[in-house]
Amino acid sequence: MKGIVNISRRDFLKTGAAISGGLILGLHLNLPESVNAAAQQTPPLVPNAFIRIGSDDTVTIIVNHSEMGQGVYTSLPMLVAEELEADWTKIRVESAPVDPVYNHTAFGMQMTGGSTSVWSEYDRLRKVGAAAREMLIAAAAETWKVNKKGCRAEKGVVIHTSGKKLRYGQVADKAAAMPVPAEIKLKDPGKYKIIGRPTRRLDSPEKVNGRAMFGIDASVAGMLTAVIAHPPVFGGKVRSLNADKARAVAGVKDVVHAPSGVAVLATGFWSARTGRDALEIVWDENPNAKLSTSGMREQYAALARTPGAVARKEGDPEAALAKAAKRLSVEYEVPYLAHATMEPLNCTVDLKPDSCEIWVGTQFQTVDRNAAAGIAGLKPEQVRIHTMYLGGGFGRRANPASDFVSEAVHVAKAARVPVKVIWTREDDMRGGYYRPMWYDRIEAALDEKGDPLAWKHTIVGQSIVAGTPFEKVLVKNGIDNTSVEGAADLPYAIPNVIVDLHSPAIGVPVLWWRSVGHSHTAFVVESLIDELAHEAKKDPYEYRRGLLAKHPRHLGVLRLAAEKAGWGKALPPGRALGIAVHESFGSYVAQVAEVSVSPMGEVRVHKVVCAVDCGMFVNPETIKAQMESAIAFGLSATLHSEITLEGGQVQQSNFHDYKVLRLNEMPEVEVHIVRNTEKPGGIGEPGVPPVAPAVCNAVFMLTGKRVRRLPVRPEDVKQT
Amino acid sequence: MIHLEVNGKRHDLDIGPDVPLLWVIREYLKLSGTKYGCGMAQCGACTVHVDGEPTRSCVTPVSSVSGKKITTIEGLGASRAGRAVQKAWTAEDVPQCGYCQSGQVMQAAALLAKNPGPTDTDIDASLSGNLCRCGTYQRIRKAVHRAAGIMAKGGKP
Ligand code: FES
Ligand code: FES
Chain C
1 MKGIVNISRR DFLKTGAAIS GGLILGLHLN LPESVNAAAQ QTPPLVPNAF IRIGSDDTVT
61 IIVNHSEMGQ GVYTSLPMLV AEELEADWTK IRVESAPVDP VYNHTAFGMQ MTGGSTSVWS
121 EYDRLRKVGA AAREMLIAAA AETWKVNKKG CRAEKGVVIH TSGKKLRYGQ VADKAAAMPV
181 PAEIKLKDPG KYKIIGRPTR RLDSPEKVNG RAMFGIDASV AGMLTAVIAH PPVFGGKVRS
241 LNADKARAVA GVKDVVHAPS GVAVLATGFW SARTGRDALE IVWDENPNAK LSTSGMREQY
301 AALARTPGAV ARKEGDPEAA LAKAAKRLSV EYEVPYLAHA TMEPLNCTVD LKPDSCEIWV
361 GTQFQTVDRN AAAGIAGLKP EQVRIHTMYL GGGFGRRANP ASDFVSEAVH VAKAARVPVK
421 VIWTREDDMR GGYYRPMWYD RIEAALDEKG DPLAWKHTIV GQSIVAGTPF EKVLVKNGID
481 NTSVEGAADL PYAIPNVIVD LHSPAIGVPV LWWRSVGHSH TAFVVESLID ELAHEAKKDP
541 YEYRRGLLAK HPRHLGVLRL AAEKAGWGKA LPPGRALGIA VHESFGSYVA QVAEVSVSPM
601 GEVRVHKVVC AVDCGMFVNP ETIKAQMESA IAFGLSATLH SEITLEGGQV QQSNFHDYKV
661 LRLNEMPEVE VHIVRNTEKP GGIGEPGVPP VAPAVCNAVF MLTGKRVRRL PVRPEDVKQT
Chain X
1 MIHLEVNGKR HDLDIGPDVP LLWVIREYLK LSGTKYGCGM AQCGACTVHV DGEPTRSCVT
61 PVSSVSGKKI TTIEGLGASR AGRAVQKAWT AEDVPQCGYC QSGQVMQAAA LLAKNPGPTD
121 TDIDASLSGN LCRCGTYQRI RKAVHRAAGI MAKGGKP
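Chains as they are written, first to last, in this note's numbering: chain C, 1 to 720; chain X, 1 to 157.
Treat each hint with caution, since some may be false.
To be verified - Cross-link-like lysine to any residue pairs, in silico, SDA-like; alpha carbons within 25 Å at most: (1) C:K659 <-> X:V59; (2) C:K253 <-> X:D14; (3) C:K155 <-> X:D14; (4) X:K30 <-> C:H386; (5) X:K9 <-> C:V674; (6) X:K30 <-> C:R211; (7) X:K30 <-> C:D350; (8) X:K30 <-> C:K155; (9) C:K659 <-> X:S126.
For the record, the hints were derived by calculation from the structure and aren't laboratory data.
All figures in this text were calculated on a predicted structure; none of them were measured in a lab.
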């Protein structure tokens with residue numbers, strides 16, 4: 001195969017991969033620049049950058065995607081191990097350094113996001129494993145002086161027809177000197193032994209004994225801990241500072257300015273935080289101080305009544321609306337949401353005159369490295385990022401603005417010591433980069449039979465990518481695709497459709513939040529379809545089926561979820577089912593929620609039956625876990641969470657006022673996976689979008705009250 | 001001087017009496033398995049055992065536990081319930097990002113040490129103070145039951 005380079009044959013084995021003997025297919029934790037350049041010229045398919053085999057037979061897979069709970073430290077090694085014919089018990093995982101060979105195969109930078117890890121590595125990592133396997137076989141054949149056609153590999157051993165055997169560890173050194181095979185034949189999926197089998201996570205043991213190292217656990221000799229005072233209003237700047245009281249706190253060593261605020265450095269977190277809280281800062285006035293949730297609501301509601309940039313148009317919706325038998329005009333709204341990862345943001349930096357080492361849980365290695373290099377005045381190659389375990393990401397650790405990494409580099413530069421910046425939970429909650437607040441207005445019309453005739457959907461909300469380098473790629477004709485995804489691609493058969501968009505510029509930083517635009521569009525679309533079914537006096541499941549005839553995969557999961565949930569069956573009194581289906585990130589998910597509502601209006605979700613079609617998959621256990629996770633995540637947003645502003649200030653601060661789902665509220669979740677040979681799709685996010693509409697549709701069945709704003713407020717659904 | 005016994009080891013520390021136990025454990029004793037999540041007893045990520053009682057170390061001034069026996073996640077494997085919980089957690093594939101799991105495991109082990117056969121209601125009562133943003137709750141529930149089973153069988157899974 002063209003373009004595969006056996007890096008281990010060049011003489012830089014010595015530069016990295018210091019392992020105890022038996023080095024093979026070794027590689028480069030510190031690529032010299034020349035190799036970097038070479039790697040840049042080759043397609044991103046360098047088997048040895050991903051695999052290291054020790055003389056003790058351990059197979060280390062260097063994983064280029066960040067582990068944030070979604071299971072990539074298990075699913076990606078499975079891809080390699082399958083073709084490598086590795087012994088699964090010998091697999092170890094290491095996080096990749098930042099290097100072009102580890103770039104995302106679709107995005108050209110090193111990153112984790114968009115539910116892309118498995119599908120984007122599906123081919124590359126299998127080829128990498130297969131190439132290494134062929135090299136091991138060639139090495140064994142040469143050792144035995146036999147034709148390699150008589151050799152095969154199985155469970156970490158090369159076996160010759162004569163019965164001779166060599167373990168991978170025994171031929172590892174020699175294999176490194178073998179040519180990379182010109183042709184690589186991948187296995188017939190029917191022969192898979194690892195891919196597609198339920199496989200336990202490799203990272204569980206260290207996550208139950210306290211050994212797993214997250215960003216917040218990093219430690220450097222001589223390091224100080226910093227806590228930063230951020231402006232109370234986004235974009236605020238320090239007008240005056242009195243740090244006397246902060247400096248008087250025991251343990252406080254320094255107070256420095258950073259573009260994002262004022263940092264107090266101390267021997268430990270508690271002193272730094274106490275010092276930070278003792279700072280006397282006068283912040284400047286800025287226009288964002290006028291922002292309030294109620295003001296924005298008014299602005300958005302007014303905008304929603306005016307035409308926006310058109311994302312999709314079919315037929316003549318205005319004319320159809322004008323002459324329709326039945327019309328519906330409704331407005332939906334959802335709030336800003338914080339990601340609220342369990343691990344608050346943090347970043348550790350050791351800045352030297354000619355190097356910068358960073359320990360951080362990030363989803364955006366290349367972006368962060370380049371930002372750090374710019375601030376430090378170094379070349380990107382002089383910045384080394386150690387990707388630690390992420391205590392949750394959900395998009396927050398993939399920031400085009402590199403906020404928490406840049407800030408830490410600024411502090412290290414100003415203070416001239418190694419520093420660990422820790423955000424308190426309050427800092428994290430109030431630090432912005434939220435899921436945007438959205439306001440949607442829909443006008444729809446039905447014909448005499450109750451079939452939808454027209455659909456006019458106006459979306460109002462901030463663009464996530466405006467002003468970032470992603471704008472060029474993701475904004476077309478004034479439409480940020482992440483604002484309209486899930487709405488503009490409405491699958492239902494409706495002859496007259498218009499979807500348009502307003503993207504007001506507001507001074508609240510926004511960011512992708514698990515399932516991005518789909519987190520609000522599915523709520524609107526799937527609730528509205530239910531509203532139309534009700535208007536048409538039809539069963540919401542049958543109504544959807546009738547309109548999805550051209551979408552077999554939507555239909556497939558819809559039918560599966562409905563069947564497994566017993567759609568139409570008798571339920572205990574006070575319970576009802578709601579259904580929703582949505583496609584996102586290349587995968588199709590339908591959910592049926594079983595719900596009850598107390599007289600006071602408290603919604604309880606008892607069970608969610610979930611059907612998912614993500615095409616060919618690697619680890620069904622991961623799929624189940626991600627669906628459970630997404631349902632819990634979606635329920636937090638459905639039932640509890642919202643970020644609001646008053647006088648420009650975020651009103652929530654911690655988990656007492658930004659509520660998320662707790663164990664006693666967790667429904668029973670049942671996951672059913674469709675098996676097919678479609679292209680692999682994403683799995684980390686697609687489980688989120690259908691939750692809110694499935695639950696709210698059930699609430700309607702039960703109470704006759706249509707929930708059109710999230711989170712569900714008891715006063716909106718209680719029995720009157 | 002504050003005297004602490006952590007995972008069976010005695011430490012004499014010259015630190016302010018108000019410093020929360022969490023930061024003493026993480027920064028002075030360099031045991032990083034106990035996590036910071038909220039700092040106000042809202043999430044349970046910082047849960048340790050103080051004389052066997054599950055305790056939010058983020059709101060526990062270190063002076064208040066002077067002389068008491070403290071167990072952190074790093075020392076949990078020394079107890080029967082602790083080992084059973086860790087085994088069950090791995091078998092049920094509970095962790096996702098893992099950040100909350102030290103606290104979950106500590107809370108569950110404390111529950112099982114007192115109540116070897118908890119009902120779902122007992123589990124709700126004990127573990128609802130431990131947040132998991134990854135939503136591993138269903139598996140946590142299963143794993144607690146599994147751990148109870150392991151303990152009943154004398155430690156065999
Ligand atoms: S950190 Fe102590 S309960 Fe959250
Ligand atoms: S496993 Fe991620 S917060 Fe619980």
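Tell me, which hint numbers fail for this structure? Hints 3, 5 and 8 are the ones this structure does not satisfy, whereas the remaining hints hold.
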